[in-house]
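Residue numbers (UniProt numbering), protein chains in the order written: chain A, 1 to 393; chain B, 1 to 393; chain C, 1 to 393.
Treat the hints loosely; a few may be bogus.
The list makes no distinction among identical chains, and a pair is therefore deemed to hold if it is satisfied within one copy or across any two copies.
[Claimed, not checked] Within a straight-line C-alpha distance of at most 25 Å, the following computed BS3-like cross-link-like pairs (lysine-lysine) qualify:
hint, residue 1, residue 2
1, Lys23, Lys354
2, Lys256, Lys94
3, Lys62, Lys94
4, Lys254, Lys125
5, Lys256, Lys363
6, Lys256, Lys125
7, Lys94, Lys253
8, Lys253, Lys349
9, Lys256, Lys349
10, Lys23, Lys125
11, Lys256, Lys23
12, Lys125, Lys349
13, Lys256, Lys62
14, Lys349, Lys97
15, Lys254, Lys349
16, Lys62, Lys363
17, Lys125, Lys94
18, Lys254, Lys363
19, Lys125, Lys253
In case anyone wonders, no lab produced these hints; they're calculated from the structure.
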Amino acid sequence: MVVLFGVFVRFSPEADAHWEEEKREMNLTSDIENDFYFRYPSFQDVHVMIFVGFGFLMMFLKRYGFGAVGFNFLLAAFGIQWALLMQGWFHSFKSGKILIGVENLINADFCVGSVCIAFGAILGKTSPVQLLILTLFQVTLFAVNEYILLNLLHVKDAGGSMTIHTFGAYFGLTVTRILYRPNLEQSKDKQGSVYHSDLFAMIGTLYLWMYWPSFNSAISEHGDAQHRAAINTYCSLAACVLTTVAFSSVLQKKGKLDMVHIQNATLAGGVAVGTSAEMMLTPYGSLIVGFICGIVSTVGYVYLTPFLESRLHIQDTCGIHNLHAMPGLIGGIVGAITAAAATEDVYGKEGFIKAFDFTGEYKARTPSVQGGFQAAGILVSLLMAFAGGALVG
Amino acid sequence: MVVLFGVFVRFSPEADAHWEEEKREMNLTSDIENDFYFRYPSFQDVHVMIFVGFGFLMMFLKRYGFGAVGFNFLLAAFGIQWALLMQGWFHSFKSGKILIGVENLINADFCVGSVCIAFGAILGKTSPVQLLILTLFQVTLFAVNEYILLNLLHVKDAGGSMTIHTFGAYFGLTVTRILYRPNLEQSKDKQGSVYHSDLFAMIGTLYLWMYWPSFNSAISEHGDAQHRAAINTYCSLAACVLTTVAFSSVLQKKGKLDMVHIQNATLAGGVAVGTSAEMMLTPYGSLIVGFICGIVSTVGYVYLTPFLESRLHIQDTCGIHNLHAMPGLIGGIVGAITAAAATEDVYGKEGFIKAFDFTGEYKARTPSVQGGFQAAGILVSLLMAFAGGALVG
Amino acid sequence: MVVLFGVFVRFSPEADAHWEEEKREMNLTSDIENDFYFRYPSFQDVHVMIFVGFGFLMMFLKRYGFGAVGFNFLLAAFGIQWALLMQGWFHSFKSGKILIGVENLINADFCVGSVCIAFGAILGKTSPVQLLILTLFQVTLFAVNEYILLNLLHVKDAGGSMTIHTFGAYFGLTVTRILYRPNLEQSKDKQGSVYHSDLFAMIGTLYLWMYWPSFNSAISEHGDAQHRAAINTYCSLAACVLTTVAFSSVLQKKGKLDMVHIQNATLAGGVAVGTSAEMMLTPYGSLIVGFICGIVSTVGYVYLTPFLESRLHIQDTCGIHNLHAMPGLIGGIVGAITAAAATEDVYGKEGFIKAFDFTGEYKARTPSVQGGFQAAGILVSLLMAFAGGALVG
Numbered sequence: 001m002v003v004l005f006g007v008f009v010r011f012s013p014e015a016d017a018h019w020e021e022e023k024r025e026m027n028l029t030s031d032i033e034n035d036f037y038f039r040y041p042s043f044q045d046v047h048v049m050i051f052v053g054f055g056f057l058m059m060f061l062k063r064y065g066f067g068a069v070g071f072n073f074l075l076a077a078f079g080i081q082w083a084l085l086m087q088g089w090f091h092s093f094k095s096g097k098i099l100i101g102v103e104n105l106i107n108a109d110f111c112v113g114s115v116c117i118a119f120g121a122i123l124g125k126t127s128p129v130q131l132l133i134l135t136l137f138q139v140t141l142f143a144v145n146e147y148i149l150l151n152l153l154h155v156k157d158a159g160g161s162m163t164i165h166t167f168g169a170y171f172g173l174t175v176t177r178i179l180y181r182p183n184l185e186q187s188k189d190k191q192g193s194v195y196h197s198d199l200f201a202m203i204g205t206l207y208l209w210m211y212w213p214s215f216n217s218a219i220s221e222h223g224d225a226q227h228r229a230a231i232n233t234y235c236s237l238a239a240c241v242l243t244t245v246a247f248s249s250v251l252q253k254k255g256k257l258d259m260v261h262i263q264n265a266t267l268a269g270g271v272a273v274g275t276s277a278e279m280m281l282t283p284y285g286s287l288i289v290g291f292i293c294g295i296v297s298t299v300g301y302v303y304l305t306p307f308l309e310s311r312l313h314i315q316d317t318c319g320i321h322n323l324h325a326m327p328g329l330i331g332g333i334v335g336a337i338t339a340a341a342a343t344e345d346v347y348g349k350e351g352f353i354k355a356f357d358f359t360g361e362y363k364a365r366t367p368s369v370q371g372g373f374q375a376a377g378i379l380v381s382l383l384m385a386f387a388g389g390a391l392v393g
Numbered sequence: 001m002v003v004l005f006g007v008f009v010r011f012s013p014e015a016d017a018h019w020e021e022e023k024r025e026m027n028l029t030s031d032i033e034n035d036f037y038f039r040y041p042s043f044q045d046v047h048v049m050i051f052v053g054f055g056f057l058m059m060f061l062k063r064y065g066f067g068a069v070g071f072n073f074l075l076a077a078f079g080i081q082w083a084l085l086m087q088g089w090f091h092s093f094k095s096g097k098i099l100i101g102v103e104n105l106i107n108a109d110f111c112v113g114s115v116c117i118a119f120g121a122i123l124g125k126t127s128p129v130q131l132l133i134l135t136l137f138q139v140t141l142f143a144v145n146e147y148i149l150l151n152l153l154h155v156k157d158a159g160g161s162m163t164i165h166t167f168g169a170y171f172g173l174t175v176t177r178i179l180y181r182p183n184l185e186q187s188k189d190k191q192g193s194v195y196h197s198d199l200f201a202m203i204g205t206l207y208l209w210m211y212w213p214s215f216n217s218a219i220s221e222h223g224d225a226q227h228r229a230a231i232n233t234y235c236s237l238a239a240c241v242l243t244t245v246a247f248s249s250v251l252q253k254k255g256k257l258d259m260v261h262i263q264n265a266t267l268a269g270g271v272a273v274g275t276s277a278e279m280m281l282t283p284y285g286s287l288i289v290g291f292i293c294g295i296v297s298t299v300g301y302v303y304l305t306p307f308l309e310s311r312l313h314i315q316d317t318c319g320i321h322n323l324h325a326m327p328g329l330i331g332g333i334v335g336a337i338t339a340a341a342a343t344e345d346v347y348g349k350e351g352f353i354k355a356f357d358f359t360g361e362y363k364a365r366t367p368s369v370q371g372g373f374q375a376a377g378i379l380v381s382l383l384m385a386f387a388g389g390a391l392v393g
Numbered sequence: 001m002v003v004l005f006g007v008f009v010r011f012s013p014e015a016d017a018h019w020e021e022e023k024r025e026m027n028l029t030s031d032i033e034n035d036f037y038f039r040y041p042s043f044q045d046v047h048v049m050i051f052v053g054f055g056f057l058m059m060f061l062k063r064y065g066f067g068a069v070g071f072n073f074l075l076a077a078f079g080i081q082w083a084l085l086m087q088g089w090f091h092s093f094k095s096g097k098i099l100i101g102v103e104n105l106i107n108a109d110f111c112v113g114s115v116c117i118a119f120g121a122i123l124g125k126t127s128p129v130q131l132l133i134l135t136l137f138q139v140t141l142f143a144v145n146e147y148i149l150l151n152l153l154h155v156k157d158a159g160g161s162m163t164i165h166t167f168g169a170y171f172g173l174t175v176t177r178i179l180y181r182p183n184l185e186q187s188k189d190k191q192g193s194v195y196h197s198d199l200f201a202m203i204g205t206l207y208l209w210m211y212w213p214s215f216n217s218a219i220s221e222h223g224d225a226q227h228r229a230a231i232n233t234y235c236s237l238a239a240c241v242l243t244t245v246a247f248s249s250v251l252q253k254k255g256k257l258d259m260v261h262i263q264n265a266t267l268a269g270g271v272a273v274g275t276s277a278e279m280m281l282t283p284y285g286s287l288i289v290g291f292i293c294g295i296v297s298t299v300g301y302v303y304l305t306p307f308l309e310s311r312l313h314i315q316d317t318c319g320i321h322n323l324h325a326m327p328g329l330i331g332g333i334v335g336a337i338t339a340a341a342a343t344e345d346v347y348g349k350e351g352f353i354k355a356f357d358f359t360g361e362y363k364a365r366t367p368s369v370q371g372g373f374q375a376a377g378i379l380v381s382l383l384m385a386f387a388g389g390a391l392v393g
């Protein structure tokens with residue numbers, strides 16, 4: 001890493017001491033125009049989600065609390081370094097150097113987020129060294145997939161429904177399928193939770209839930225797009241909590257709430273507006289998405305997870321299929337529909353071009369074509385996840 | 001909710017894709033002028049206070065940790081949706097639509113904060129469905145009370161000493177009085193705490209304590225008012241910790257510290273500068289307020305809570321009378337005095353008008369008249385709390 | 001405190017209601033130019049590090065969780081008030097008044113950070129009153145030392161490798177040496193950790209780790225310096241985790257990971273770029289520093305801590321010698337080297353002057369002279385720590 005960083009990585013103009021001259025050239029009158037002040041608060045929230053959010057969410061296993069948070073710490077710290085390089089080569093490579101700023105840090109955290117998701121499926125089945133190898137390969141594939149979606153297909157996916165959640169979850173599920181051994185069944189008694197481990201897991205849940213608006217708005221365009229993405233995510237998450245609790249209560253015997261649902265399915269609403277949050281999804285659109293995802297995710301935990309394990313031999317320790325895979329797919333579809341339904345009337349003439357970046361070679365692209373490309377992005381992410389997962393697994 | 005949001009709720013101009021045109025009209029040169037960048041970091045801090053702060057603070061009961069944090073999560077997620085509508089109708093209603101931006105999200109969190117406070121009094125005595133009904137009514141009454149105070153009386157209450165704390169606490173205390181049943185006494189052994197539940201509760205305490213400067217400054221005017229509110233709150237909270245520890249040690253046998261005091265009374269300083277934090281209370285004024293509140297709140301836990309329970313049959317599980325009700329009243333009074341004592345000399349000519357919004361029909365209002373209206377605001381909040389609590393209880 | 005604040009402390013112009021006039025005088029066109037918006041998000045992160053980070057990190061002792069977090073809360077709340085005064089007299093004293101703004105709050109938190117570090121060495125050996133006395137003296141000495149370094153020697157130390165970590169740690173180690181009593185040995189069985197106390201400690205570790213980029217960038221110059229400091233710290237910390245895990249695994253029997261190393265040594269990378277983070281250390285330079293510190297700190301826990309205790313009678317409960325003292329020294333040295341190696345080519349003509357503040361009487365200072373003064377700063381901090389620690393101990 002030291003050698004690779006030494007050869008390739010330098011500061012972006014906004015983090016370089018030449019910024020004074022840069023400011024003059026770009027006609028900026030104030031230091032507050034530095035991208036740092038637009039994105040740093042969101043970056044810190046995302047950072048907390050990756051390390052505390054995912055780390056503590058996986059703590060629910062009674063004998064694996066330290067492993068969950070510790071290995072998550074290890075793989076994430078390794079992954080962000082490799083992600084800075086991989087994503088840098090694809091997106092920030094200028095005259096032989098990768099120029100990094102706060103947006104690169106956020107993207108590296110995002111990339112590692114998809115590894116944390118995959119880790120949720122194989123929790124307790126791998127050694128730290130295996131996890132590091134998994135991280136190395138998954139980060140690489142993530143960067144390739146992201147490049148295909150964002151640069152080749154010109155798809156919008158600011159909150160990563162496709163690139164982070166769909167890709168990460170199906171990658172992890174494929175890996176856990178390959179790692180399946182029949183005698184794993186015998187350790188089933190270790191899979192339970194105890195009272196205190198569930199309370200620690202709630203720390204993870206709440207931090208993911210609270211900071212998800214920052215996650216989905218962190219790399220959106222400055223101004224209205226970041227603002228809108230935060231509001232849409234806030235609404236979707238709020239609706240998702242209610243349907244999760246309602247369906248959890250209905251589907252359990254005696255109407256008792258299941259902690260696993262509260263800890264996980266409440267978050268599905270954030271996943272499912274990942275692509276469309278920065279678009280004009282509107283608050284009621286967000287409520288509908290959150291409403292649906294709470295149901296899908298809870299039903300998934302009750303019926304689908306046992307089915308996947310008994311029939312398809314996919315042992316999904318944390319239930320990422322319900323929290324990331326299905327909501328991620330829904331998010332991709334909602335994004336495609338929202339993009340296809342966009343009109344100049346709703347976005348305004350300038351806002352329309354800005355929102356979908358219909359400039360340069362994409363000047364002539366229409367919303368419905370954009371919708372088609374968004375849908376293609378889902379399929380590419382799925383293919384990359386299955387192929388990559390099979391290989392790495 | 002979906003139907004109501006569909007009919008009424010749209011994005012505010014700063015979150016709408018038409019922002020590019022809006023910017024031109026308002027002569028803004030930079031995206032950083034979007035309200036999002038003024039308030040989003042404070043919003044996230046407030047969000048953490050509501051979900052982690054209140055949720056974990058109530059975890060101290062040994063058999064109710066999951067109920068506390070889970071039900072708090074449920075009622076808050078429901079409440080913020082209803083609050084967006086209720087507060088929207090009163091404050092952000094333009095040509096048939098509620099236009100929401102980040103300030104509305106903060107206000108919705110504030111509104112739900114008053115429900116979380118009331119929940120502290122009835123913790124362990126209600127079912128989730130009862131809690132949702134309570135939330136529905138309390139949010140509605142909160143919005144009405146807030147409208148009377150801010151719009152009709154033109155009262156300043158940025159940190160909500162009156163609207164959030166006084167109203168929320170006396171509402172909750174009235175409800176718990178109505179719900180009193182003699183045989184509740186028998187479950188008294190469940191009211192204790194254990195070592196680990198106390199450590200979890202400290203997470204709640206610390207997040208409330210640390211982020212309170214954001215709470216009191218979140219919806220203040222841009223610039224000096226937000227800056228000042230954060231500093232005043234910081235000073236008041238620091239002073240409050242010291243008197244709480246000192247009095248806790250003096251009032252207990254053998255000078256031992258009582259964890260309940262550390263967990264709760266240390267926060268009273270934040271409650272009590274809620275109204276006046278954005279005014280020129282000055283750092284030493286804040287220290288005095290924090291100093292007094294640490295004493296009042298700790299003495300309340302030692303002498304008043306047992307009295308309320310045995311004589312008035314008010315079973316205040318979390319001691320919200322000491323943490324929110326009394327400090328909230330003090331906060332209202334301090335706000336009235338600070339407003340009445342304001343002079344153009346201290347605030348500057350422009351600052352004076354800006355701080356109290358003495359424009360339009362309030363152009364002729366003097367500080368002493370403003371002080372009188374502030375005091376009236378306390379009484380209105382109390383009346384609304386008693387009447388509403390009795391009804392809903 | 002109330003009296004001293006009343007006599008001396010007022011709001012800085014940016015937090016005063018006269019800000020409207022101030023804005024006009026300074027030709028500022030927007031409220032966003034208020035320092036509050038440049039520093040408040042970082043301030044809140046630093047605040048979390050002091051109260052949750054340090055408080056929970058020290059919770060690992062099985063019978064001392066509440067003491068650690070509670071006493072940390074008490075001493076920090078007392079310390080920030082005294083620090084506002086002491087640092088104010090030295091740095092923000094204008095025409096008889098200390099004018100405080102958000103930067104003073106950050107500096108007060110920094111100052112208290114050095115007390116929290118020292119507390120780590122004497123954890124479990126002192127009463128609350130003794131801690132308050134320690135805080136009173138250490139804050140005073142901190143302010144004097146900081147004044148010598150920043151004002152007299154004109155040294156750069158934005159993240160406090162020297163002023164906070166080196167000074168705080170050697171101060172605490174000297175105090176614990178003085179407090180050594182042979183019969184303390186007998187309570188050794190209380191020094192262990194249990195499973196849940198280790199999970200609580202991980203909360204502290206993660207918050208310190210995640211927010212350290214905010215710590216090192218909080219008081220840097222606006223613009224590129226804050227941006228750069230955050231990136232450098234992020235890189236250093238990521239590298240540090242990997243070498244810590246690797247060396248922990250190599251040095252332990254059977255390759256098992258030691259929780260104490262994960263909880264502490266992973267943070268050494270943040271300490272060691274404290275001085276140089278805002279300089280053009282570059283990302284690969286940060287990786288190298290993090291790489292080295294992970295090794296030094298882990299080796300310190302395995303070999304040096306037992307040696308210090310058995311031979312030098314320095315009972316370092318939390319191992320602050322490995323986490324703060326040695327990395328702090330490394331940080332001072334790295335800062336001196338980075339400063340001495342600075343060229344106009346790397347920084348740009350204006351950036352060079354801005355980065356080291358080579359204006360006024362320091363106009364003629366060269367990088368190598370600056371490097372020499374930086375090195376002198378380390379020695380002064382060490383001397384102040386030993387002398388002060390001996391006296392207070």
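Check the structure against each numbered hint from earlier and tell me which ones fail, lowest number first. 2, 3, 5, 7, 8, 9, 10, 11, 12, 15, 16, 17, 18
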